[in-house]
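There are 2 protein chains.
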Amino acid sequence: MFLTRVFVLFFSLKVPMATLVDIAVSAAINLLSALIFLLAFAILRIQPFNDRVYFPKWYLKGLRSSASHSGAFVRRVVNLDFRSYIRFLNWMPEALKMPEPELIDHAGLDSAVYLRIYLMGLKIFVPIAFLAWAVLVPVNYTNDTLKIAQLVSNVTASDIDKLSISNVPLKSQRFWTHIVMAYAFTFWTCRVLLKEYEKVASMRLQFLSAEGRRPDQFTVLVRNVPPDPDETVSELVEHFFLVNHPHHYLTHQVVCNANKLASLVKKKKSKKNWRDYYQLKNDRNPNQRPLKKVLLNIQSDISQVAVASYWFPWALGRKKVDVIDHHTSEIEKLSEEIEEERERVLKDPKSIMPAAFVSFKTRWGAAVCAQTQQSRNPTLWLTEWAPEPRDVYWENLAIPYMSLSVRRLIIGVVFFFLTIFFMIPIASVQALASIEGIEKRAPFLKPVIEIKFIKSVIQGFLPGIALKLFLIFLPTILMIMSKFEGFLSISSLERRSATRYYIFLIINVFFGSILTGAAFEQLNSFIKQSANEIPKTIGVAVPLKATFFITYIMVDGWAGIAGEVLMLKPLILYHLKNMFLVKTEKDREEAMDPGSLGFNTGEPRIQLYFLLGLVYATVTPILLPFIIIFFAFAYVVFRHQIINVYNQEYESGAAFWPDVHGRVITALVISQLALLGLMSTKEAAQSAPFLIALPVLTIWFHRFCQGRHKSAFVKYPLQEAMMKDTLERARDPNFNLKPYLQDAYIHPVFKGGDDDDEDDDLSKKLESDSVLVPTKRQSRKNTPAPSRISKASSPSLSEVVKDGDP
Amino acid sequence: MFLTRVFVLFFSLKVPMATLVDIAVSAAINLLSALIFLLAFAILRIQPFNDRVYFPKWYLKGLRSSASHSGAFVRRVVNLDFRSYIRFLNWMPEALKMPEPELIDHAGLDSAVYLRIYLMGLKIFVPIAFLAWAVLVPVNYTNDTLKIAQLVSNVTASDIDKLSISNVPLKSQRFWTHIVMAYAFTFWTCRVLLKEYEKVASMRLQFLSAEGRRPDQFTVLVRNVPPDPDETVSELVEHFFLVNHPHHYLTHQVVCNANKLASLVKKKKSKKNWRDYYQLKNDRNPNQRPLKKVLLNIQSDISQVAVASYWFPWALGRKKVDVIDHHTSEIEKLSEEIEEERERVLKDPKSIMPAAFVSFKTRWGAAVCAQTQQSRNPTLWLTEWAPEPRDVYWENLAIPYMSLSVRRLIIGVVFFFLTIFFMIPIASVQALASIEGIEKRAPFLKPVIEIKFIKSVIQGFLPGIALKLFLIFLPTILMIMSKFEGFLSISSLERRSATRYYIFLIINVFFGSILTGAAFEQLNSFIKQSANEIPKTIGVAVPLKATFFITYIMVDGWAGIAGEVLMLKPLILYHLKNMFLVKTEKDREEAMDPGSLGFNTGEPRIQLYFLLGLVYATVTPILLPFIIIFFAFAYVVFRHQIINVYNQEYESGAAFWPDVHGRVITALVISQLALLGLMSTKEAAQSAPFLIALPVLTIWFHRFCQGRHKSAFVKYPLQEAMMKDTLERARDPNFNLKPYLQDAYIHPVFKGGDDDDEDDDLSKKLESDSVLVPTKRQSRKNTPAPSRISKASSPSLSEVVKDGDP
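Chain order of the listed sequences is H and S.
Going by full-length UniProt numbering, 180 is the number at position 180 of the first sequence; the sequence numbering is gapless.
Going by full-length UniProt numbering, 514 is the number at position 514 of the second sequence; the sequence numbering is gapless.
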């Protein structure tokens, strides 16, 4: 009965609107796919041969080592302990077990604070959902507006709309409830935001003060050193800082343009790797010396061969050579080239960039230098905190001020056009993906589409997928734009990309979906609408699109996150590499690419859920549980990933939090404006003005928070610096800082020396220097360990290794 | 013939629009009044008894002294040298003669840079006017659009419109000229702006580095010292800075809440003055000891009399007492009270505010402390450069951070309502002041109004006056708002008020006038217009209001400036005070209130002319000469006033320039948007998009300039500080800084000691400490001096004094 009624409704729809059945179908599909992903994950993760894909973090930390050298082959590849397959969701409580301080030790503050974004989502939306369901749903449901409208005209509505604000009649006094709720939700969101800001700021300061000695604490990056005819950059920097910071200056390192050198070193490394591989092969099978057809090396014999090869390419000599010898000789040649290039870079004044890393005797001195203006001309001698050595984006260090501001303009314009014109393909694809669109464009498909199930799939699934596909390539484009804009550290590049991505998502996904679906034909007229009318149009469209966003949440949020934990792409890539490319143990390590959190794409996506939750909290509270499930599920999944998989490239000390805060505020203001617009169309004229104060108060709250807490993320208080200096002087009075800092900020290619093993050592040393401190608790050393409770279910690595041992 | 034609036009007008005749009448009236003002000024200024009104600056600098003690009475009062009346405009070249460096010495950098705003107006508008007249006027004039429109329908236009863009037919290719010109004007304006920014920034840095030793160079204002149960504020401050700036901290002064003390001191001073007056009277006429009926002093005899006076007020005893004795005894009582209050303030911990002026051993130390964050909590230990001692606004020093941000919110909301609802009275008065308005509301006046001359007066004069009257009381309100908002120095109070005043002027005067006159009836519908339509509406209205703004410029700009130089209000006030209040020589000095530039009102008014000039440059170029005359005339007048009259209360080192720059940019963007709107209504569809790039480029240019130059106005580069420190150490190695800084930032009431003469000495000392350096050139010592050229015409003070001498 119910279903038939719903279907009658469905057919009479004018605006394509999904009903409860569509949502049920979509939910079933998505839950099923999520479950399949999770099952697949549960099976794949406990297979030893996938170990490096699902637990790379522990390998990187050196707490787990490859089990491939010994043991029965089958056992090494497949897990035969069937008990472990039973409790396939076991990783979830395990992921939640590690306490936050240990998580910070384990994965860094960035990751720990990133997880707090999901937690914050739960903190905001769980109470809001309770309140909305307790108050707004009854208020909305006990009206007959939609039923009457249905009877009178042919207007139809889904059951979801019965629970939404659409069911409240015009001019009703009940709208006061919604206004009071809007205030309550805003107040609660702001409260949570303020608490979180405070907490994160104090976590950051504690993290910074608990850190050991690190080069970036003492170092300031100086850019735009003015050219001087008499002195080199290095001399100039030394003189300038000796004069202007006489008691604090210690040493400095100039920045070289070593991009060519870097590529040579990379080439040599690859060659060396090949030689090792053949050497290994040869050692195993000493009789068959590997040979290889090689082109005559044009580079080395260029004078003799070049002309010939140009005119008679077919005449180019090929000869069979001993591969090992060949590689060895090439490596030698490359070594020479590298040596030349290295000397050229160090000697040639043209390769010295007008930038330097200046180190100070104390943290106090560095804090002072980073926060003050040095010279009369504010575009010269620009100082700022040096990023961590591994966070530096070397290519951008030499961009002069004037060029920077032109680049910013160009990127601004490009981004504007990208955002505006990206909307057109999305809109057309979505229109095409609707039932009407398909029927119109491909009438022969009509009989197929009219099948109930397929129709529901199309209705509930395709628009989300279409959107999703469009968004895959965007982050790369945005990252390239940020790089062009000239940011100096990877963390700031990612933050900038995230901001751009968020703007893009709001304009194209949120507004785009709201307005194209409901008012695509009116888009043209919409552009010409009054500023007064825009919130109204949005307000009216918001309740109509609730079902679309519910499906979006399920596709992107539920199934997407389950796909995240399965890591299909890295899994396949790893095994492909392992099969075809991996030659040495080192290669295997490199094939295991754990990736990182991807702040530039992940965070804006979370923010979209904040936006949806806040906008629909007062309008269609039925959406809130979907959001809450997303946040909870994503929290568990990402906690697991952070503990076991991701390897952060850098540690910015949660410098991204002000952005996160600001975006939630943006979402809050958008939700208030949309509600205001909706109210004014509901002819609740006497109550609507009470909503105007909300955005004003929210923006004021934002400014208050920024003033109160933002500087913790931008500046380094002198008191802290002085405290740490004093403590350290007392603890370690004879420490010689200069050699410690001398080479901290050398371009990565100079670090390696000739030997690439050294290279690795150094980068490892750097890593251990910075944040990765081995966990202290014995029981955690081999997470996911068989904890006391679930000992039987999940085989720990140690067991696997023991099993593998003869 | 011409006049009749114009009048026929005039009568057929639907929208009230002034014609050439109206403008001519208005110009005549305003020129006449300006001339009368100038004549009056020429006569009044050379009368010795007005000397203190027109040349107070020289008295304040001690280069001129009162001539009232000796000489023939008539000669002391009236200038009988008739030659000096002839060349009544002689002060103009004299005002222009003083070179800029000397002007900076004489009146401070603020004043000198303020004059540059007028000069910048000339630099921008003279070339633009030439270009516009050479290109746009012919292009506009050689069309027949308006003539045809006149013939076809009854549409009418004034002759001014013939020269404006209105005369170009729809869809004409001639609009390309206007677009090219818009680019040219924007380019030229930006060029001038950039040059000026550079120049002013370098002037500021040079001024700062050329200054002698000043307490504010070594001092930082610390606010929000956290409360501590164990230590006093003073101890806390000392310990904090000894720990965190160990090598640089020198001394500090806490801030006391001495508002009550200040009022007591003021009271005592007045009493003392009265006693001196009676003493003087008595000395001249020793026989008649002055008596006075006084109420029994309730304060002193309170225990006996209070009850009686409460129940039987008529029974209060009055007795005749010797006035001098009475005052002397009262002064003694007040002295005791002051002493008590002073001790209370110094001892009572409640009167110590949680703020302090912290002084450092070097400028470098102070620069570091002012630019860095001190403590973990960014709302505690807030440091900023201390303003000059005389620039400090003492009342606001103790406002805590939280309260500050609430105050900012409140003032923001209040200002919003003030700006929006101020529009209504202006609009109604202007409607009333139009011909139609008067005829409608007072039909009996019709015969009078219809008289040609009166009609022109009403048309050309009243709207300007109505506006002007409304604006007189606004600055006071805005200043009170800024004070409430909690700014710490008078200069920043004035800057903030200026910003608010400018916003107010743009919204209410510019947009208000444009839209009320032409579209007042449509105002209601206008609010509901699309964001797209607003520039169009403005663009269409702009050319129609050209004549209104021309009269506005003449009334406010020409006659107003002439009134400024006459200084009627201070003149009358001075003579009234002199007649009734002045008792002693000191009183006379105080009665001579030279006033100051009044940045908070003056600068936004100039900016309105920039806005008008830029908006009308492409639309109605005939307006430009009026603007140029304003800038030239105002430049001369204010140069004269700055040299001879104004006495700046503070010296901020041209800290206002970024605001000035930003406002010209705002004007530029508004002009571009208005032109864009106008073009799109002209159906010049293919050319309008070319204008969109203009505002983008302009805003980018603004950001570039701010990045390039703003920090010169906000921060103090360490290089400069170090240079000055080194120089001073070499020059004066034994100078003891501590006593010099010890008392620099004591609340003004503590400075005076018991004796108010000391008070004066100190304030004078302070003044001479800061910037007022006596001019070095002998010939200037008695400006307006008889220079070699105009020796005969203007009697210098020395001549007057000599004449007065027996």
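Careful, some of the hints might be misleading.
To be verified - Residues of chain S placed beyond 12 Å of chain H at every Cβ, according to the derived structure:
| hint | residue |
| --- | --- |
| 1 | 119 |
| 2 | 326 |
| 3 | 673 |
| 4 | 722 |
| 5 | 733 |
Stated by the list, open to error - Ranges of calculated distance between the beta carbons of each label pair, as one might list FRET restraints:
| hint | chain 1 | residue 1 | chain 2 | residue 2 | range |
| --- | --- | --- | --- | --- | --- |
| 6 | S | 180 | H | 681 | 54 to 60 Å |
| 7 | H | 229 | S | 699 | 33 to 39 Å |
| 8 | H | 403 | S | 395 | 45 to 51 Å |
| 9 | S | 732 | H | 414 | 39 to 45 Å |
| 10 | S | 412 | H | 100 | 34 to 40 Å |
| 11 | H | 707 | S | 395 | 51 to 57 Å |
| 12 | S | 202 | H | 703 | 58 to 64 Å |
| 13 | S | 348 | H | 403 | 57 to 63 Å |
| 14 | S | 28 | H | 414 | 40 to 46 Å |
The set of hints was computed from the structure by calculation and includes no laboratory data.
Just so it is clear, CB atoms sit at the ideal spot from N, CA and C, and this is done for glycine as well.
Against the structure, the hints come out as follows:
1. Separation of residue 119 of chain S from chain H is adequate, the least Cβ-Cβ distance of about 24 Å exceeding the 12 Å criterion.
2. Chain H leaves residue 326 of chain S outside its interface by the beta-carbon criterion, the shortest separation being 55 Å against a cut-off of 12 Å.
3. Every CB of chain H lies more than 12 Å from the CB of residue 673 of chain S, the least distance being 14 Å, so the non-interface label holds.
4. Not every CB of chain H lies more than 12 Å from the CB of residue 722 of chain S, the least distance being 5 Å, so the non-interface label is violated.
5. The Cβ of residue 733 of chain S lies farther than 12 Å from every Cβ of chain H, with a closest approach of about 17 Å, so its non-interface assignment holds.
6. Residue 180 of chain S and residue 681 of chain H have their C-beta atoms about 45 Å apart, which leaves the hinted 54 to 60 Å range violated.
7. Checked against the hint of 33 to 39 Å, the C-beta distance between residue 229 of chain H and residue 699 of chain S comes to roughly 37 Å, which is consistent with it.
8. The hinted window of 45 to 51 Å between residue 403 of chain H and residue 395 of chain S holds, with their beta carbons roughly 47 Å apart.
9. For residue 732 of chain S and residue 414 of chain H, the hinted distance range of 39 to 45 Å is not satisfied, since their beta carbons lie about 57 Å from each other.
10. Hint check: residue 412 of chain S to residue 100 of chain H, Cβ distance near 39 Å, so the stated range 34 to 40 Å holds.
11. Evaluation of the 51 to 57 Å hint for residue 707 of chain H and residue 395 of chain S yields a failure: the beta carbon distance comes to about 22 Å.
12. About 34 Å separates the C-beta atoms of residue 202 of chain S and residue 703 of chain H, a value inconsistent with the hinted range of 58 to 64 Å.
13. For the pair residue 348 of chain S and residue 403 of chain H, the supplied restraint of 57 to 63 Å holds, since their beta-carbon distance comes to about 60 Å.
14. Take residue 28 of chain S and residue 414 of chain H: their Cβ atoms lie about 56 Å apart, and the range 40 to 46 Å is violated.
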